[in-house]
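Peer 1: The chain contents come next:
Number of protein chains: 4
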Amino acid sequence: MVDPAIIRGAYAHMTRVGIIGGTGYTGGELARILSTHPDVEIAAMTSRQNSGLRVQDVHTYLRGYVDLTFTERISDTKDLDLVFVATPHGVAMKEVPALMEQGIKAIDLSGDYRLHDVDVYQRWYGHEHTDPDNLQDAVYGLPEFFRDELKGADLVANPGCYATSVILACGPLMKAGVVGEDVIVDAKSGTSGAGMVPAVRTHHSTCGESIIPYSVGNHRHTPEIEMAVDRFAGSHTKVTFVPQLIPIVRGILSSCYFDIEGDLTQEDVDAIYEKQYGGETFVHYVQDPSIRAVVASNHAQTASKVLGDKVVSFGVLDNLVKGASGQAVQCMNLMLGLDEKTGLNFPGLGV
Amino acid sequence: MVDPAIIRGAYAHMTRVGIIGGTGYTGGELARILSTHPDVEIAAMTSRQNSGLRVQDVHTYLRGYVDLTFTERISDTKDLDLVFVATPHGVAMKEVPALMEQGIKAIDLSGDYRLHDVDVYQRWYGHEHTDPDNLQDAVYGLPEFFRDELKGADLVANPGCYATSVILACGPLMKAGVVGEDVIVDAKSGTSGAGMVPAVRTHHSTCGESIIPYSVGNHRHTPEIEMAVDRFAGSHTKVTFVPQLIPIVRGILSSCYFDIEGDLTQEDVDAIYEKQYGGETFVHYVQDPSIRAVVASNHAQTASKVLGDKVVSFGVLDNLVKGASGQAVQCMNLMLGLDEKTGLNFPGLGV
Amino acid sequence: MVDPAIIRGAYAHMTRVGIIGGTGYTGGELARILSTHPDVEIAAMTSRQNSGLRVQDVHTYLRGYVDLTFTERISDTKDLDLVFVATPHGVAMKEVPALMEQGIKAIDLSGDYRLHDVDVYQRWYGHEHTDPDNLQDAVYGLPEFFRDELKGADLVANPGCYATSVILACGPLMKAGVVGEDVIVDAKSGTSGAGMVPAVRTHHSTCGESIIPYSVGNHRHTPEIEMAVDRFAGSHTKVTFVPQLIPIVRGILSSCYFDIEGDLTQEDVDAIYEKQYGGETFVHYVQDPSIRAVVASNHAQTASKVLGDKVVSFGVLDNLVKGASGQAVQCMNLMLGLDEKTGLNFPGLGV
Amino acid sequence: MVDPAIIRGAYAHMTRVGIIGGTGYTGGELARILSTHPDVEIAAMTSRQNSGLRVQDVHTYLRGYVDLTFTERISDTKDLDLVFVATPHGVAMKEVPALMEQGIKAIDLSGDYRLHDVDVYQRWYGHEHTDPDNLQDAVYGLPEFFRDELKGADLVANPGCYATSVILACGPLMKAGVVGEDVIVDAKSGTSGAGMVPAVRTHHSTCGESIIPYSVGNHRHTPEIEMAVDRFAGSHTKVTFVPQLIPIVRGILSSCYFDIEGDLTQEDVDAIYEKQYGGETFVHYVQDPSIRAVVASNHAQTASKVLGDKVVSFGVLDNLVKGASGQAVQCMNLMLGLDEKTGLNFPGLGV
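Chains as they are written, first to last, in this note's numbering: chain A, 1 to 351; chain B, 1001 to 1351; chain C, 2001 to 2351; chain D, 3001 to 3351.
These are calculated hints, taken from the structure and not from any lab test.
Watch out, some of these pointers could steer you wrong.
Mimicking DSSO-like on lysine-lysine, the simulated pairs with C-alpha atoms at most 30 Å apart in a straight line are [what the hints assert, rightly or not]: (1) B:K1238 / A:K305; (2) B:K1341 / A:K238; (3) A:K238 / B:K1305; (4) C:K2341 / B:K1341; (5) C:K2151 / C:K2175; (6) D:K3305 / C:K2305; (7) A:K151 / A:K78; (8) D:K3151 / D:K3275; (9) D:K3305 / C:K2238; (10) D:K3175 / C:K2238; (11) B:K1238 / A:K238; (12) A:K94 / A:K78; (13) A:K305 / B:K1305; (14) C:K2238 / D:K3238; (15) D:K3238 / C:K2175; (16) A:K175 / B:K1238.
Chain A on its own, in the form it takes in the complex:
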């Protein structure tokens, strides 16, 4: 990595971005990634709770990287090119309309713009959707499957962390039409996926030496996965989704089980994934997927094994990077016409 100051001189225009909801994990992670992005300047970060405090005093890891003070709202949006909305579900839909009206591009990291069907949204989220117009136009921000739509998009719904891992794991087989229209997803997430607000389930004494199934069969990423897959697969797939909390901080492993339709060898499977991901920067097809290989990076790994008349596919990523803020920056790059990997071209920790 290089001193951004050295590099920036080479660019005529720095993109100016804002972050609404800068206190939470995804907001902080956005600032962390963007702080070393050569083409971007963070112009504003909002926080209700920490308004008036310096960002680096709240997120001490940003000391020396982000020299801003949290404000309650973005006071002056006129010189912003793009805004990341990292607020809870239900809040984002109140922020996005004004941005769209002012011609500011937006990436929403909540669930508000992921489900194109207003009725489905209301059934799963339990409240009305107040911005159905923009909902129609939002592009689902998974570059490996919707890259063309993302180029030039004005509003992007950044995918959920679980949904990203599942779609990356399952997409190739679904597109190839070689598996049944039914998938069982047994997903495991680190605790940072639950956000920064302390709760019983993420209390260390509760989860630190356990694995905890939750929202069994009724997690909101279920319709998200189904809707996204419908758009690129030829037919509807039904998802049975069982998330489980594991005692790690960052990382998701989703294990996805299909019935094979017709004949399918391991070689066929390997070829399908290599074809899908061989040219990708951030998604890899490997023999032994490893959270540690991708953690702290925008990379994801997939693996797929034929087991008799079934096949299991794994998807592995860092829920805060490829599962949230890193993917949002990848989308931003595409929306702005930048090289997709700008600011994201660093490997996972390995250890």
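Position chains B, C and D against the provided structure of chain A, taking the given hints into account.
Peer 2: Same frame as chain A, but now just chains B, C and D:
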């Protein structure tokens, strides 16, 4: 719990047991449990590696509880009533024949006597089975499903930890004949299930912040589960088994997915499990299964949820207790005509 | 362990106890331990939050062991022999006076009766002490140092978890007068020591891959340790106490550093500890102290090493057992004239 | 971060480096960091164990970042500018002489060149030092205290991870001469500090729910710290060093206790640290030091609190970055006349 010395006086005869392979985790755990069992005296513990050392100097947690020195072999078996064989696979079958000849009951905690078919054993374990005669007679030591056979048995094959969790989770639905003959098992185990020998996969830096699939589709508990289930279910079930290592020390959660055959409501499922386990001491049907609720005890929890046309069943236990040494003591109690819960009647930690 | 039902018949009188504050970790742990105590019957458990719920539905690990319903208050105390008060600081002093008036023995697990000096209490706890009379009479419940006072005591202040580990580690050297009157205590605790209420510091994403110093130099166990030590050592020792949270659920390791006064060899140190603890059931002097060796038991380990002109002493225990509820039961046994180890005579997990 | 390919064009000369010992954690971490360094090209990586394998197949996190094959030795050193030696103690001193003879700069990450006194080396490492000449000239690679010596150095002894954390924590007070010549260091390290070779102490079941003191009073970083401090403090400080393993993967927290000499207020302490570190890029003085704030980065945090007549200072860092490979790259930058922060200018993870 009471001072064993106080209680023992009330019994005319103390059962004398030996433990072959006392250094490993299951051997130490047997000693830990038996040291407070009111009817049992540990007469001998063997260890190749620690022969000549005091047990309490190797297993410091047994200080004040086990006053023995490890020997290389059991020198004098004539006054033993029962021997636990806690050696690696392949070693047990060399120890058991002599015990049977001397009329000493035995419980094997390895995989040597779990697969009744010699050919299946050789295919999965990669070496010949040298004791096919006793293999025929070994009873599979899962009391909740084979209690009658265990009473008075001479040789018991103690089930594998994964297998126990899966059979407890799935058995009721399989027996009831309400699900398809096909189950997907996504199992997660703590690291103590891998034993005491350091290895790359269980090196803390490798697994401490990860979840690692291994032996995908070819773990030896697959045929064990299938064979056990065949004996009490009316038909053959095919198991797709994917084990995964999680960063906890003790505990297993197995998530088992079935297709429903015909109609099956949540109420039906609840009734099936309550009927199966309502009278059991150690196996419970609950809403929210929790490893912490059972860890350090011989208790197991099951849960089962209807999800559309599928059902997911969970099995939770401590892999070293109900998944190994505790269950072995439960079997011993049955073999000796003692109350099944003697020496095991203590709750899980909760926290 | 044996079926309590079998054993109880042998006793003419079962001690009837109540637990005020049965929802928290120490309240649940008391119930867990007492449920298999051969001489005790839990007659009542209170909980403001869970009043009306069955204990085993709140603490699912107690299913089959505790058949009670939480009540808001103990309605009928007249047949109780002893009450454990497991409430937060400041609440216990409102419960204890009534118990004393009715002639019911009490063990307080909070800090309310640990600091005999009202002024010191008020300075460290920040509110007035409303029961100074009973405060004078409370015995500090560390049996290894105050056993004689505990026999027949009416009110016991159960020590803090950190304090217990430090006093066990340091007491022998302090009593022997071979070290300076100044000790640096670097203590590390698992997260269950912080209780059941979710908070930022014990949120898994905060503490799960970290070690967090807190209350540096101003933790309330500092005066507790100093006061307790004053009573058995010949002179006042000043404690510099730095607690740190580590990502384990149960367990404390306190590392205590002294300057040596005069000559002191490792052999001298070994002799001092062996003399102090050689006859104890629950406290051991070992070469390599291990949390796993004592976790889930009432045992503690100490170790002490001469390092030039300094000496480091370690104290290790399970903060919920020897550091709280187990020690409270040990005190109860002494108060009631029972064998001190009754109901506590089981080893640590080891693994 | 930017695509190195974009940046490199701006530089006339890329520094060509080799890594001897590329399989271990520090070797892999060097490759990880250097792979995005804008001025460096990794020209060779050696590995006895993995010779002939592609680096990215051994370290899968380097896929797309390092396109090299491990060789047994560096076949052609003539075009190398600098070599990192990441081998075990005792091996480095066999590699360094040839590099020095060829005029290739070297940075040794082992302990071989840290102790300038041959006798001290031999006492602590137990074998002869075979390269005493270069030992005299090696510069201790802690830029914040030896920056001037590092500029233009030919051979650098990269500090140990513990030693770095302790010197950063204690150095300011020692230089200022306000504390006694005696420090107690209670240090806690994550398991990656023990390297990649599986062992009993780092077996997950051993350490995963524990904290383990080891090498109490005889760890090799003790003389290293003392020697380094002697060079910048006016007088000799005696270090009592007690390392402990904690169940995290990356990170060290060292807690260092001094007696205060004369008067010293918290304000004095704050001023001393601010003066020392106010101008540093990578070392910060903070109120609440946090491993998560620095993990995966080259940043370190210090904090210091007056506690009566004592003061405790904390040092926090990622043992594989500022404690090893990141610091080595920082030294390389200085040796080569580059901006010290080149390739290292990214924040810690925070979460």
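Peer 1: Run every hint past the structure and note whether it holds.
Peer 2: For each hint, the structure was consulted:
{"no.": "1", "hint": "B:K1238 / A:K305", "verdict": "holds, 17 Å"}
{"no.": "2", "hint": "B:K1341 / A:K238", "verdict": "violated, 45 Å"}
{"no.": "3", "hint": "A:K238 / B:K1305", "verdict": "holds, 17 Å"}
{"no.": "4", "hint": "C:K2341 / B:K1341", "verdict": "holds, 22 Å"}
{"no.": "5", "hint": "C:K2151 / C:K2175", "verdict": "holds, 22 Å"}
{"no.": "6", "hint": "D:K3305 / C:K2305", "verdict": "holds, 27 Å"}
{"no.": "7", "hint": "A:K151 / A:K78", "verdict": "holds, 22 Å"}
{"no.": "8", "hint": "D:K3151 / D:K3275", "verdict": "holds, 22 Å"}
{"no.": "9", "hint": "D:K3305 / C:K2238", "verdict": "holds, 17 Å"}
{"no.": "10", "hint": "D:K3175 / C:K2238", "verdict": "holds, 28 Å"}
{"no.": "11", "hint": "B:K1238 / A:K238", "verdict": "holds, 22 Å"}
{"no.": "12", "hint": "A:K94 / A:K78", "verdict": "holds, 18 Å"}
{"no.": "13", "hint": "A:K305 / B:K1305", "verdict": "holds, 27 Å"}
{"no.": "14", "hint": "C:K2238 / D:K3238", "verdict": "holds, 22 Å"}
{"no.": "15", "hint": "D:K3238 / C:K2175", "verdict": "holds, 28 Å"}
{"no.": "16", "hint": "A:K175 / B:K1238", "verdict": "holds, 28 Å"}
The structure is inconsistent with hint 2 alone, although it conforms to all the rest.
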